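Sequence order for the protein chains is X and H. Residue numbers for the first sequence follow the working numbering, beginning at 2 and rising by one. Residue numbers for the second sequence follow the working numbering, beginning at 307 and rising by one.
Treat the hints with caution; some may be incorrect.
To be verified - Here are the simulated DSS-like pairs of lysine-lysine, each with C-alpha atoms no more than 30 Å apart in a straight line:
no. : chain 1 : residue 1 : chain 2 : residue 2
1   : H       : K391      : X       : K56
2   : X       : K152      : H       : K391
3   : X       : K56       : X       : K88
4   : H       : K407      : H       : K473
5   : X       : K145      : H       : K407
6   : H       : K457      : H       : K473
7   : X       : K152      : X       : K95
8   : H       : K472      : H       : K391
9   : X       : K56       : X       : K95
Stated by the list, open to error - Covered, in the sense of this in silico footprint (three residues per stretch, anywhere, with C-beta under 8 Å from a C-beta of chain X), are these stretches of chain H:
no. : stretch
10  : 348–360
11  : 390–399
Source of the hints: derived by calculation from the structure; they are not laboratory data. These numbers come from a predicted model, not from an experiment. The beta-carbon is built from N, C-alpha and C at its ideal position, and this holds for glycine as well.
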Amino acid sequence: MDSLLFAHQLRNRFGEVVSQPNQFRDEVTLIVSDPERIADVCAAAKKEFGFDYLKDISSVDNYGSDPRWTVVYHIYGYGHRCHLRLKTDVSEAKSELPTVAGVWRGADWHEREVYDMMGIRFRGHPDLRRILMWEGYPYFPLRKDFPLAGKSTDVPEVAFSNPAPLEGGPFVTTPGVGHAAAREPRAKVFEEKKA
Amino acid sequence: MQESTEIAYNSRVESDVVATRLDAALSWFRKNSLWPMPMGLACCAIELMATGASRFDIARFGAEVMRFSPRQCDVMIVSGTVTYKMATAVRRIYDQMCEPKWVIAMGACASTGGMYRSYSVLQGVDRVIPVDVYVAGCPTRPEALLDALIKLQSKIQKDAVLAKLKKAG
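Based on the sequences and whatever the hints tell you, model everything.
Shown next, in the form of structure tokens:
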């Protein structure tokens with residue numbers, strides 16, 4: 002058995018909800034067209050196809066295009082040692098999809114991190130709080146429209162934050178959907194400050 | 307004139323008597339028994355542990371008694387990245403230390419935020435607590451931390467202890 006076979010089986014099981022498997026450098030990716038079905042697909046992947054380990058959940062901010070969010074699930078089966086990647090797109094207006102914490106308990110903290118950094122909510126999550134930033138922090142700092150330097154905040158007796166002095170430094174990638182080479186920090190031209 | 311000679315110089319007690327000012331003696335006591343508060347927050351803390359271990363042996367400078375209670379400490383060694391989430395806790399622990407107290411900012415992160423020019427990291431621990439000695443390094447070598455300790459000792463030696471006590475009433 003290999004990942005591709007499992008991917009085809011998942012597609013047969015769910016039909017049009019699951020895309021044709023996309024294989025790249027021996028890694029197999031499935032796109033789940035309806036984010037509302039992600040928990041069903043995950044449950045089937047675990048119970049019927051032996052993907053008993055959720056390696057990671059990550060999120061992508063496709064700033065400037067719609068749908069804005071992509072949530073990525075990396076799953077693995079200890080029995081058959083196959084990897085699989087599931088992707089699903091979520092619109093910014095919705096920013097919500099069902100939790101998979103009921104399928105893999107490890108999803109609890111992964112989903113909290115996605116919520117903390119990107120502000121995507123997971124419906125039915127047992128304990129959807131921030132995990133890295135403190136309670137009361139008003140922003141989602143891994144969004145592309147959030148400045149790397151940060152913003153001023155203050156939660157008395159808990160924590161404060163101030164923008165870091167970047168001083169025009171070449172640290173910040175331009176957010177957007179253009180070519181990465183044109184958006185990366187070293188592509189920018191900084192004018193020397195005349196003393 | 308036998309007696310005056312007796313007071314000025316007595317070969318029997320020569321090596322047992324040190325003439326000094328009380329101020330200098332008090333500072334000397336203080337600087338040679340600094341109990342550090344190991345505020346280990348990141349990789350610099352590993353170097354801090356190395357400094358405390360046998361090879362570098364911070365005991366040679368009288369600062370080997372690491373205490374994890376701020377109430378027993380004299381010098382807080384902030385070793386590592388201070389995040390905004392931790393900044394309030396660092397300040398609180400500093401406030402719980404008894405006077406006199408000093409702070410060493412160990413490494414680039416504790417001194418300036420280091421390479422973390424980002425939303426989550428305090429840009430230098432001196433933004434929440436007063437720092438006496440800054441140490442460069444990423445992470446700081448144990449020799450550099452020992453040098454910082456020696457610098458702090460010479461700073462403490464210059465301290466006018468009695469004058470301060472008098473001022474405080």
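For each hint, the structure was consulted:
A hinted pair counts as satisfied when its Cα atoms are at most 30 Å apart, and H/K391 with X/K56 qualifies at roughly 27 Å. Distance restraint check for X/K152 and H/K391: the Cα-Cα separation of roughly 14 Å lies within the 30 Å cut-off, and the hinted pair is therefore satisfied. With a CA separation close to 14 Å, the supplied pair X/K56 and X/K88 stays within the 30 Å bound. Under the criterion of a C-alpha separation no larger than 30 Å, the hint pairing H/K407 with H/K473 is consistent with the structure, at around 17 Å.
Between the alpha carbons of X/K145 and H/K407 the distance comes to roughly 43 Å, so the proposed pair goes past 30 Å and is violated. Distance check on the hinted pair: H/K457 and H/K473 sit about 26 Å apart at the alpha-carbon level, within 30 Å; holds. A distance of roughly 25 Å separates the Cα atoms of X/K152 and X/K95; the hinted pair therefore holds under the 30 Å criterion. Under the criterion of a C-alpha separation no larger than 30 Å, the hint pairing H/K472 with H/K391 is inconsistent with the structure, at around 39 Å.
This hinted pair checks out: X/K56 and X/K95 have alpha carbons roughly 25 Å apart, not beyond 30 Å. Using a Cβ-Cβ cut-off of 8 Å, 0 residues of the stretch 348–360 of chain H lie near chain X, which falls short of the minimum of three, so the contact claim is violated. For the stretch 390–399 of chain H, the proposed coverage by chain X is satisfied: 4 residues have a C-beta within less than 8 Å of a C-beta in that chain, meeting the threshold of three.
Checked against the numbered hints above, the structure breaks hints 5, 8 and 10 and satisfies the rest.
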